[in-house]
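Colleague: Residue-level listing of the chains:
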Amino acid sequence: MIAFIVRRLLVTVLLLVIVSMITFAIFFLVPRLAGQTSFELASQYVGRNPSPAAIRAVEQKLGFDQPLVVQYGRFVKGIVLGAHYNAGPDKTYCPPPCFGYSFRNQQPVWPMLMSNLPVTASLAVGAAILWLAGGITIGVISALRRGTLFDRFSMGIALAGVSLPIFFTGLIALQLFSYNWAIFPDLQYVGLTDNPIAWARNLILPWVTLAFLYAALYARLTRAGMLETMSEDYIRTARAKGLPERTVIVKHGLRAALTPIVTIFGIDLGLLLGGAVLTEFTFSLHGLGLFTILAIQNNDLPEILGVVMLTAFFVVIANLIVDVLYAFVDPRVRY
Amino acid sequence: MNRNRKLGFAALGLAAAFGIAACGESGAPQSSQGNQYNAAIGNTVRPSSTSGGTITFDNSSVPDSTDPGNTYYANQWNVIRLYGRTLVTYKSQPGAAGNQLTPDLATSMGQVSADGLTWTYHLKPGLKFEDGTAITSKDVKYAVERSYAKDVLPNGPGYYSLLLKDPNYPGPYKDKAPDKLGLTSVTTPNDTTIVFHLQKPFADFDYVAALPQTVPVPPAKDKGANYQLHPVSSGPYKFQSYQLDKQYTLVKNPQWKASTDPNRKQLANKIVFKLNVNADTIDNNLLHGFADVDVAGTGVQAAARAEILSTPRLKNNADNALSGFLWFTYINSKVKPLDNVHCRRAVEYAADKVAYQTAYGGPVAGGQIASTVLTPNIVGYKKFDLYEALSKPHGDLTKARQELQACGQPNGFSTTMAFRSDRPKEKATATAEQEALSRVGIKLTLQGYPSGKYFTNFAGVPNYVHQHDLGLAVGGWAPDWPDGYGMLYYVTAGPAIQAAGNTNIGELNNPQVNQMFEKAVATKNATDRNKIWSQIDHKVMEEAVILPGVYAKSLLYRSPDLTNVFVHNYYAMYNYSTLGKK
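Quick note, the sequences are listed as chains A and B, same order. My numbering puts the first sequence at residues 1 to 335. My numbering puts the second sequence at residues 1 to 582.
Calculated directly from the structure, the hints in this document are not laboratory data. Take these hints with a grain of salt, some might be off.
Stated by the list, open to error - Counterexamples of contact, computed for chain A against chain B with all Cβ distances above 12 Å:
| hint | residue |
| --- | --- |
| 1 | 66 |
| 2 | 133 |
| 3 | 150 |
| 4 | 153 |
| 5 | 233 |
| 6 | 317 |
| 7 | 319 |
Stated by the list, open to error - Computed cross-link-like contacts, DSS-like style, restricted to lysine-lysine with a CA-CA straight-line distance of at most 25 Å:
| hint | chain 1 | residue 1 | chain 2 | residue 2 |
| --- | --- | --- | --- | --- |
| 8 | B | 174 | A | 91 |
| 9 | B | 124 | B | 91 |
| 10 | B | 176 | A | 91 |
| 11 | B | 221 | A | 91 |
| 12 | B | 582 | B | 270 |
| 13 | B | 443 | B | 336 |
| 14 | B | 382 | B | 399 |
| 15 | B | 524 | B | 200 |
| 16 | B | 223 | A | 91 |
| 17 | B | 524 | B | 165 |
| 18 | B | 539 | B | 383 |
| 19 | B | 252 | B | 91 |
If you're wondering where the values come from, they're calculated on a predicted model, not measured in any experiment. Don't be surprised by glycine CBs; every beta carbon is placed ideally from N, CA and C.
Build the full structure now, drawing on both the sequences and the hints.
Modeller: Now the structure itself:
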C-alpha cells in the first residue's frame with residue numbers, strides 16, 4: 001500500500017507539472033500565437049491613457065519581454081526555490097512555494113490562496129457532510145421504499161435540486177432567511193477559531209444551498225445503486241441465511257452501492273476545495289472560488305496559474321484518497 | 001479615471017431644465033432632512049454633527065489600489081479623501097460648488113508665475129501625519145515623484161511626467177540622489193513651499209494638484225507596492241487593518257485637525273470597507289440596513305431599481321444623479337466615406353437617440369439624451385443641439401438624406417460599427433443604431449471586441465481601424481477633472497491620437513480645434529477659458545466625429561441611517577468625506 005501511495009504521489013507531481021505547462025501555455029503562449037505582442041499584453045496592467053514608456057516599464061517589470069521558456073522557468077523556480085520581487089524601495093523575498101506576484105495588486109499569490117482556503121474548506125467540508133448524510137439516507141430509503149409517496153416526493157425534490165442553479169437557490173435562500181425573516185442576517189465569514197458559533201451560523205445557508213444541489217445528485221445515485229445491489233443474488237443469499245434486514249441493507253447492500261459514490265465524492269470534494277465558485281459568489285464568501293472570478297476578470301495570470309495548480313492538486317489528492325478508501329469500502333480491491 | 005467620473009457645473013437653470021434636482025439647486029448649498037426623491041442632489045440631507053457609530057461601505061469589487069499614488073478609480077479618489085489630503089481639493093458641498101477647487105494642504109490655490117511656467121503652493125502650518133510627524137513640502141514632492149515609478153505603481157495618471165520639466169525622471173526607487181528627491185522640476189525651497197516647473201503653460205494645473213498623487217508620503221515609510229496595505233494618513237481617518245481583497249477598516253486619526261480642513265468631518269468612530277460583495281447582495285444590504293454605502297457609486301442593480309422606483313418609501317431615499325459619463329459613438333474621420341463631413345452628419349441626423357437611451361437602460365438607469373460632448377455638469381458646458389437630438393430624438397431622416405446627397409452617397413453606404421462584446425448595453429446600442437441608420441440606407445456591419453483589448457488592440461489602433469473599415473465605434477468617457485480639457489482633450493485633440501491605446505478614435509486632427517486647446521490651456525482667466533471649452537465642443541460637433549448618446553445617470557440609494565449626505569458633482573456619487581451616522 002505504501003509503495004502504491006508513493007507511486008501515486010510521484011505521478012501527482014508529474015501531473016501538476018503538465019497542468020502548469022498547459023495553463024501557462026494557454027495564458028502566455030496562445031496570445032502570442034494569436035499575434036499579441038508583449039507590449040500589448042503589458043498595456044492591460046497599466047492605468048488609463050498610459051504613455052509608451054509606462055507600458056515598457058511594466059513590460060520589463062513583469063518579464064513579458066523575455067522568452068516564454070525563461071518566464072516559465074522563473075515560475076517553476078519560484079515554486080521550488082522562492083523568488084525575489086522588486087517592490088520599489090527594496091526587494092521582498094517570497095519563500096517557496098512562490099507562485100509569483102499578482103499583476104493586479106503586486107502581492108504574493110500563495111499567501112492570498114492560503115488566506116482564502118479556510119473559507120472554501122469550511123464551505124466544502126460542511127456541505128459535503130450534509131449532502132453525504134442527506135443524500136445517501138434519502139437514496140437508501142427511496143430505494144427500499146421504491147414507488148411509495150416518499151420515494152416519489154424525495155426524487156421529485158432531488159430532480160429540482162439537480163436542476164436549480166445555485167445562484168437561484170442561493171439568492172432565494174438569502175432573500176427569505178437573511179433579509180425577509182432575518183434568521184441569518186448580515187452574513188459574513190467568521191473564522192472557525194475566532195468564533196465557532198458565528199462560523200457555523202454564517203455558513204448554514206451556504207452549506208444547505210450547496211448541499212441541496214449535491215444531495216439531490218447523491219440521493220439519485222444512491223437510490224439507483226441500491227436498487228441494483230439489492231436485486232443481486234448475494235443479497236438474497238444473505239436474507240436466506242437469516243441475517244437481520246439492517247445488516248443486509250447496511251453491510252451488504254449499501255457498502256457495495258457506495259463504491260461509485262465514493263469515486264464521485266472524491267472528484268466533487270477535490271473540485272470544491274479548489275473553489276465553490278457560484279456559492280462563494282452568491283454569498284460573497286471570500287474563498288478560492290471568488291478569488292478565481294476576480295483573477296479571471298482581471299486577467300491576472302499568476303493568480304489564475306496559482307488557483308489552477310491548487311485545484312489540480314486537490315483533485316489529484318482527493319482521488320488518491322479515494323483509491324485508498326476503495327480498499328476499505330470494497331475489500332475485493334485488496335486482492 | 002476609470003468607472004464613474006466627474007461632474008461639473010450645473011447651475012440653477014440647467015438643473016431645472018434637465019430635471020436633475022428636485023429642489024435647492026441654487027448657488028448656495030442647502031440642507032434638508034431628506035425623505036424625498038433626489039433630495040441629496042443640490043442639498044445636504046440630514047446635516048448633523050453627531051459623532052459615533054460605524055459606517056459600512058460595500059464594494060462589489062476591489063479598489064485598484066488604496067495607495068493614493070496608484071489609483072485611477074473615481075470611487076477610490078472619493079474614499080481617499082478620508083485618509084489623504086491633497087494640495088487642493090474639491091469643495092465638500094452639494095450642487096455646482098462641488099466642482100470648485102479649494103485649498104487643502106495648501107494655504108491658497110496655486111500661484112502661477114507671469115510666464116505660466118511655475119506654480120507655487122505653500123502648506124498650512126501644523127499639519128501632521130498619523131504618527132505625529134510634521135507634513136512637509138518634501139513629503140508632497142516625494143509623493144509626486146512616485147507617480148513616475150510606473151513599473152511599481154502603474155495605475156495612477158501620468159500628468160506630472162507629461163507636464164513637468166524633467167519628464168525622464170525615473171522615479172524615486174531608481175533615484176540616485178541620497179534623499180530620493182532628485183526630481184528637478186519640483187523644488188522645495190523650505191518645508192512649507194513647493195514649486196512646480198512646467199514645460200509649457202497649463203492653466204488647469206490646480207486640477208492636477210488635486211489628484212491623489214499629491215497626498216503626502218513620508219519617504220521613510222514608503223514601502224512601494226506594499227504601501228497600499230497601510231498608507232500613512234494625513235486625513236481624518238487612518239488604517240486600522242487591511243485584509244487584502246476582503247476588508248479594510250479605518251479609525252479616527254487623532255493627529256488630524258478639523259480647524260485646518262473644512263472639507264472633511266470625523267464623525268463615525270469606524271469606517272469598514274467590505275470588498276468583493278455580490279452586487280445584488282449590496283443592494284439588499286443597503287435596503288435592509290446592513291450596509292450604508294455602495295462604494296462604486298454607480299447605482300443599484302436592475303432588481304433593486306425596480307423595487308425602489310415602485311416603493312414610495314424606498315424611492316424617497318433615492319437619488320437619480322448624473323454619473324459623469326458620456327456614452328457616445330465615435331465617427332471616424334479617416335475611414336471612407338466618413339472622411340466626408342456630410343456623411344458623418346448624415347449619421348448624426350439618422351441616429352435614433354431614444355433607442356440609444358433605451359439601450360443604456362432608459363431615462364433613470366441609462367441617462368438623458370445628449371446633444372453635446374461636454375456633459376451638463378462640466379465647467380464650460382453650454383447647451384446646443386446641432387443635429388436635433390433633443391427636438392427630434394428619433395432622428396431627422398430628411399436632413400440625413402440631404403447630408404448623404406451632399407457627400408455623394410445618396411443611397412447610403414456601408415461601414416462597420418465596433419463595440420465591446422462583453423458590454424450588453426453597447427451591443428444593444430450597436431443593434432439599435434444598425435436598424436436606425438438603415439432607414440436612410442447606411443448599412444452597418446456589427447463587430448464586437450473584448451473590452452480588455454478594445455483600445456489596445458482594435459478600436460484604439462488607427463491602423464487596425466483603417467484596415468477593417470471601422471467607421472463607427474461605441475465608447476464612453478468621463479473626465480479626470482470637471483472642465484473642458486478633462487472631457488474633450490483625449491477624445492478630440494489631434495495630439496492625443498496614438499498608434500495604440502488611442503482614445504481619439506474619431507481621429508479628429510483639426511488645426512482649429514488643436515489651436516483652441518493650446519489657447520485654452522494658456523488662458524489664466526477661468527471665465528475666458530471656460531468659453532473656449534464650449535467653442536471646442538461646438539466645433540467638434542460641427543465636425544461630427546462624435547455621436548452623443550446619453551449623459552449617464554444612476555440610481556443611488558441613500559441610507560436613512562447616514563447624515564450629511566449629498567451627491568458630489570465632481571465624484572458623481574455621494575460625498576464620502578463628510579458622512580456621519582445617525
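Colleague: Each of the hints needs a verdict: does it hold here or not?
Modeller: The hints, checked one at a time:
no.: 1; hint: 66; verdict: holds, 15 Å
no.: 2; hint: 133; verdict: holds, 28 Å
no.: 3; hint: 150; verdict: holds, 36 Å
no.: 4; hint: 153; verdict: holds, 32 Å
no.: 5; hint: 233; verdict: holds, 53 Å
no.: 6; hint: 317; verdict: holds, 26 Å
no.: 7; hint: 319; verdict: holds, 30 Å
no.: 8; hint: B:174 to A:91; verdict: holds, 13 Å
no.: 9; hint: B:124 to B:91; verdict: holds, 17 Å
no.: 10; hint: B:176 to A:91; verdict: holds, 17 Å
no.: 11; hint: B:221 to A:91; verdict: holds, 15 Å
no.: 12; hint: B:582 to B:270; verdict: holds, 13 Å
no.: 13; hint: B:443 to B:336; verdict: holds, 14 Å
no.: 14; hint: B:382 to B:399; verdict: holds, 24 Å
no.: 15; hint: B:524 to B:200; verdict: holds, 13 Å
no.: 16; hint: B:223 to A:91; verdict: holds, 10 Å
no.: 17; hint: B:524 to B:165; verdict: holds, 20 Å
no.: 18; hint: B:539 to B:383; verdict: holds, 13 Å
no.: 19; hint: B:252 to B:91; verdict: holds, 21 Å
Of the hints listed earlier, there is not a single one the structure fails to meet.
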